[in-house]
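Just so you know, the protein sequences line up as chains E and R, in that order. If you read the first sequence in this note's numbering, its first letter stands for residue 77, the second for the next number, and so on. If you read the second sequence in this note's numbering, its first letter stands for residue 12, the second for the next number, and so on.
Heads up, some of the hints might be wrong.
Among the chain R residues that face chain E by a calculated CB cut under 10 Å, a handful are [unchecked claim]:
1. Gly71
2. Phe75
3. Pro82
4. Gly83
5. Trp87
6. Asp102
7. Asn106
8. Ile110
9. Lys125
10. Ala161
11. Leu251
12. Ser252
13. Met254
14. Phe256
Keep in mind the hints are simulated off the structure, nothing from the lab. As the structure is a computational prediction, the values presented were derived from the model and not from experiment. By construction, the Cβ of each residue, glycine as well, lies at the ideal position given by its N, Cα and C atoms.
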Amino acid sequence: MAHSGINILFEGRNMVRLLGGLWISAKIAIVAIVVGLILGLILGALRTLHNPILRVILRLYLEFFRVIPTVVLLFLFYYILPQNFNINMGAESMAMLVFALWFAAEMSDIVRGGIISVSPHQVDAGKAIGLNRLQLYYYVLIPQSIQLMIPATINLVSRIIKTTSLLLLISVMDVINIGQQIIEANGQRYENGAFWVYGFIFILYFILCYPLSLWARHLERKEVVTANG
Amino acid sequence: MANELLTVTHLVKNYGKKEVLHDINFTVEKGSVTVLLGPSGSGKSTLIRCLNGLEEFHGGQINFEDQTITPGFKKWQPLRQHIGMVFQSYDLFPNRTVIDNILLGPLKVQKRDKNEALAQARQLLKEVQLSEYENAYPRQLSGGQKQRIAIVRALTLNPDFMLFDEVTASLDPEMVRGVLEVIEGLAARKMTMLVVTHEMNFAKQIADKVLFLENGKIVEESSGHQFFEQPQTQRAQDFLSSMDF
Numbered sequence: 077m078a079h080s081g082i083n084i085l086f087e088g089r090n091m092v093r094l095l096g097g098l099w100i101s102a103k104i105a106i107v108a109i110v111v112g113l114i115l116g117l118i119l120g121a122l123r124t125l126h127n128p129i130l131r132v133i134l135r136l137y138l139e140f141f142r143v144i145p146t147v148v149l150l151f152l153f154y155y156i157l158p159q160n161f162n163i164n165m166g167a168e169s170m171a172m173l174v175f176a177l178w179f180a181a182e183m184s185d186i187v188r189g190g191i192i193s194v195s196p197h198q199v200d201a202g203k204a205i206g207l208n209r210l211q212l213y214y215y216v217l218i219p220q221s222i223q224l225m226i227p228a229t230i231n232l233v234s235r236i237i238k239t240t241s242l243l244l245l246i247s248v249m250d251v252i253n254i255g256q257q258i259i260e261a262n263g264q265r266y267e268n269g270a271f272w273v274y275g276f277i278f279i280l281y282f283i284l285c286y287p288l289s290l291w292a293r294h295l296e297r298k299e300v301v302t303a304n305g
Numbered sequence: 012m013a014n015e016l017l018t019v020t021h022l023v024k025n026y027g028k029k030e031v032l033h034d035i036n037f038t039v040e041k042g043s044v045t046v047l048l049g050p051s052g053s054g055k056s057t058l059i060r061c062l063n064g065l066e067e068f069h070g071g072q073i074n075f076e077d078q079t080i081t082p083g084f085k086k087w088q089p090l091r092q093h094i095g096m097v098f099q100s101y102d103l104f105p106n107r108t109v110i111d112n113i114l115l116g117p118l119k120v121q122k123r124d125k126n127e128a129l130a131q132a133r134q135l136l137k138e139v140q141l142s143e144y145e146n147a148y149p150r151q152l153s154g155g156q157k158q159r160i161a162i163v164r165a166l167t168l169n170p171d172f173m174l175f176d177e178v179t180a181s182l183d184p185e186m187v188r189g190v191l192e193v194i195e196g197l198a199a200r201k202m203t204m205l206v207v208t209h210e211m212n213f214a215k216q217i218a219d220k221v222l223f224l225e226n227g228k229i230v231e232e233s234s235g236h237q238f239f240e241q242p243q244t245q246r247a248q249d250f251l252s253s254m255d256f
């Protein structure tokens, strides 16, 4: 067992580096999720207003981020923005921006769906007691739709975490990039190093995403029971 | 006349190209109860909803207190504190307790002192015999209880005028009485009200004036007594004879 592949993970600082890479991925995902949540909530609420121009603009924004593959978005922002628009950001910041804008776009659709599913009678009742539009959103529509939004939002969070695996394409030192470096550096001594390194990364992603998936499923089931009850 | 709280003049309402309310004219005197009757689909709910801006109207005007309201009027929001409305489906906010439902308007819209608004809310809850439900959620209440809370929610804004849109239509028969008693109590205290209802005995008892609406037109306007004893139009006679009361 002197050369068991699993040892590649414990060679030198490999484990620390892999976990460091995971932290980079998580940091990008966390910033993107926080910024995207706030922005998505605002944009989603704006999409429910009856302003046709605003609606078209926000719809185009959503479709742009939905239709274009994430890899292309990353390349677009990482290579084209600095070259053609003289915007220079580090790879990590650029990744946070792309993921935040993507999250906000998808989130806006979840928020919009949640808000429009609140009964119009509730809007009438809110108006009838004199609430203004902002108060109507704040006290009536958003609190009542949040429960509907949570499962889809958790799924979106899990998608963002998984998609951070593309970060190596714009040279971010994420867990996959570091994993590859480790495999290449130790390739001669550990022939099946890739199996263990990627296996370990698989487990890391699984530990992050599976509880989220279970939680979303639990909430969805609870929602069905509440709706029927 | 100084005694008029609300005057509706030549009001017209369209849905797309279709005119659904035609040349509506009536007045509501302060302290009176006006009952709006008519078959289903005659435009009663649409009309009552035009009076607090939940529906737009497209012609004519409404005068409420010293305010003149014409089509496209945008300043409904401050006005709605003076025009309370109760709906058929109660429409309490399910995520808020009874007391939070009641206090939302007084505290957030009228910016009143919390203790003062709370004291008023508790007094009104006592009057509708629901004091012990202050901290309950709407889902824990029966239909009749919810509707009485909805009335309290509207009254806590101290409105000058109350609109009731078929408030007993969703209730079990044994729940109806409790809600009607609350409205009768308000009538006795000279609250100005416009009531849409299918409860004929109640209408007969409470109405100072009846507006009989059919196909979006007021086809008869008379005192409550006259409408039920000697209706002037054939349509009103047919309507009354078709109702079981």
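*Numbers of unmet hints, in rising order*: Failing hints, ascending: 1, 2, 3, 4, 8, 9, 11, 12, 13 and 14.
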